[in-house]
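Enquirer: Residue-level listing of the chains:
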Amino acid sequence: MTEKIYKGRVVTKSVPKKDALSLAMGKPMYTDDMDFKDLLHVKMLRSPHAHAIIEDIDTSEAEKLLGVVDILTYKNSSQVLHTSAGQGFPEPSPYDTRLFNKKVKFVGERVAAVAAESVKIAEKALNLIKVKYTILEPIFDHDKAIGNEVIIHDEDESKYIIPVFYDPKKNHASHIDAETGDIEQGFAEADHIVEKTVRNHYGQHCPLEPHISVAYIDDYDRLVVRTATQVPFHCRRILAQILEIPLSQIRVIKPRIGGGFGTKQEIITEPIVASFTWKLKRPVKFEFTRKEEFISARTRHPMTTQFKAGVKKDGTITAMDMKVISNTGAYGSHALTVLSNTGSKTLPLYHCDNIRFIGDTVYTNLPVAGAYRGYGGTQASLAMEIVMDDLAKAIGMDPAKFRLMNHIKAGETSPIFKALGEGTEGVEQTVDSVGLTECINQGADAINWWNREEIKKKNSTDTVKRGFGLVCVMQGSSIPDIDMAAGYCKMNEDGTFNLLVGATDIGTGSDTILAQIFAEGLGIDASDVLVTSSDTDTTPFDTGAYASSTTYLTGQACINLAMKVKKQLIDYTATVLSVPKDELEIKNKTVIHKKSGKQMTFAEIGTKSYYSENQTQIGAVASELSKKSPPPFIAHYAEIDVDIETGRVTVLKYVAAVDCGTPINPKLVIGQVEGALVNGLCYALSEQYIFNDKGKMMNPSFGNYKIMTTIDLPTIETIIVPTYEPSGPWGAKSVAEVNISGPMPVLSNAIFDAIGIRLTEPPYTPDRVLKAIQEQKK
Amino acid sequence: MSQILHVTINGEQKEISIEPDELLLDVLRRVGYKGVKRGCKEGACGTCTIILNGYAVKSCIMLAAQAENGEITTIEGIGTRDNPHPIQQAFVDEGVVQCGFCIPGMILSAKNLLDKNPNPTEEEISFALDGNLCRCTGYSGQIKAVKAAAEAIRGEK
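Read top to bottom, the protein sequences are chains A and B. At the far end of the first sequence sits residue 778, using the numbering used here, and the numbering has no gaps. At the far end of the second sequence sits residue 1157, using the numbering used here, and the numbering has no gaps.
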């Protein structure tokens, strides 16, 4: 089923990214690049305590400071309970958040916001606000949160608005379980059983542009929010909810965005500027500092994942049992859905009938987790791919051969697709495009996998040991039965088209990809398509940039648009030329009647349809509802050195072999692959939150939270393995998320291969590796 | 207590009213050079990189007053749409501009390198771009782009 490969005229070509030159010229295209007269600046007073009640807050001294215009606290701001998670409605995250709470639940929580004539004045005012706290006992260990005598959300009102488990009195933010087949029987049939408990850590998205929003009142007295968001439409809806004003009074504009990776799927700066502006009728800006980005934006959910699997001597996997405790921090943003995705994005990868998944999300008094590229798949892949390697080892099979034998093949399904969805039941699907065998094989050749013992022998010394690792990972493409995306288009008089989409290009290149997909359908060039994206007043709805959905879902909406317009072009030409429409064909931007030799170029159609013949606007609106979520697949390989004297892990070569269906724009695909995997490498090797015993992050800066630069890179080789996904636009699936999940397990596997020590708690920093080596010596 | 900063920006002599404690980054953005970005304000991310008196510097950890009588090049000064700088063109051609927020700074770091060393090795390029963080791309494309730009500038392409 994957034999067919799509070779397009415009798609599968690396056409230049629409905004690349403008961005490379430094054009003022981001949220902060527009100047506003009489702009007010916001600074936020944040809680120094992990768990405390605000007994009193006195802003009177701060208000007296010249240039301070307004101060918001829990006493005078919206108290609407909501979730900051920018998800569809009804949101599958608990309503447990207010703009300002009387009870603060993590170090960094909002306490008071000052709007002032300058940043300097706003900062000064923060020091004049007096807050009296009663400090409460905190919970930091997520393994001890459920049923702890300390209750974090003991206010009565927090709730889900969908019927799912929620028990805040036990710090229990979500629970989900699923079982298929007979798990006990499965383990009984196994010749070997492997069980591992792994723990992943806090990590931050680190978009180079911090969260930033500007709000102002337009000439119709409506509220306009120009903001760095991945979800403009959800943002508009949630702002209407928090401010308790009609949705029609709000316009959200997304300019160019300086990266998101999930953290800008959160509605956290927008309600602050919107509240001030709606009240004061002045433009207001709020931009996070880098420190705020670390402590009070969002993070990856740290988890403890227990994974147990059984295998027969012949390599058949007989049972898989996954238990997850996920730490959502102080608020439950994406608490349920990240949890369900830990299972749903990993367990279908390998053949197995007997599967159990039990997941629980808990509250702690630590920073708030949320959506982060990989979305649970990253966490669970760590456990799963470590155990797969150990199963292969237990039966003496090569890990690559073990995965080749067991991975899901085209035309197959997994009971998990139905059993686990977005916090509730999922949608049954067969997978129709699977290039994983080719990914494993081509990746193996690129890293010299089959000669690795020889290479290890040749290159290892007494103190530096060479090792190789392999993992396979899958993700999805959109949320089936839930996500909808739409586009409008209109023809211009020169035969070009405007394409207006709600899809949110946050640097991913989706404006370009969607232009390519649309152009392919009409036989025009990507440069003939002028793209406008994400303005709630002028573009149609789209769920936004998340769940690896844009290429797959909005892409399909753009094909639907192209097909509608194609029909209009033919109908119009048939009428004007007085020829039967079924005798017309489109070629070279021209509608041609071969029999008579009559034809109309797109430019002629454009001009005549505006001015002189059967005048009409050629254009369309179209949408697409996701029906399935075809997984992209990857095989990642790493070749590393471990220095057993220093504990340093050096990645020498990294190979990513990727099946994303049809690569719409190969260079942009490579960008997504390498960006995600380098992000994953940083998370696996160096990124970490260092907390003191009061729950305060001690390293909230790029100086102390290490992400890789050019000089830290291994040699990276990306191999695109094209397949054809029948349900996707021109055969495409997603690519944005899946590659971030490889590095953490692949390095554990490679370290094990090098020194025979199994690391299950990243990051693999020298001190941790060295400690593990020393412990083994004991 | 404002004072006047005398400075040449992209070849234009300017007199700009500044506060003594204003950062160079903030002043440049205030007077319209929005290509100079603010990513961390602690000298770590490199998005605010400019070329001052022949050196790539981070304008977020300098006072504006330190640029007195200086010569500044920002991203706005090195190319136009019709005639982009070869590094700008190479970044577009290699497809390595994703969110783009780090790109002006990175291009200026690269320009600073190529101005001094028209034929750098890959390692020299890596070291020159070491101060510019990028979270979108994974860097290898940008290193390639700088190499391609160097060839173009040398007339080899």
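Please note: incorrect hints may appear among the correct ones.
DSSO-like cross-link-like pairs, simulated, lysine-lysine; straight-line CA separation at most 30 angstroms [as the list claims (entries may be wrong)]:
1. B/K1144 with A/K706
2. B/K1014 with A/K667
3. A/K694 with A/K170
4. A/K27 with B/K1157
5. B/K1116 with A/K27
6. B/K1116 with A/K13
By construction, these hints were calculated from the structure, which means they are not laboratory data.
Enquirer: Output the numbers, in ascending order, of every earlier hint that fails for this structure.
Expert: 2, 6
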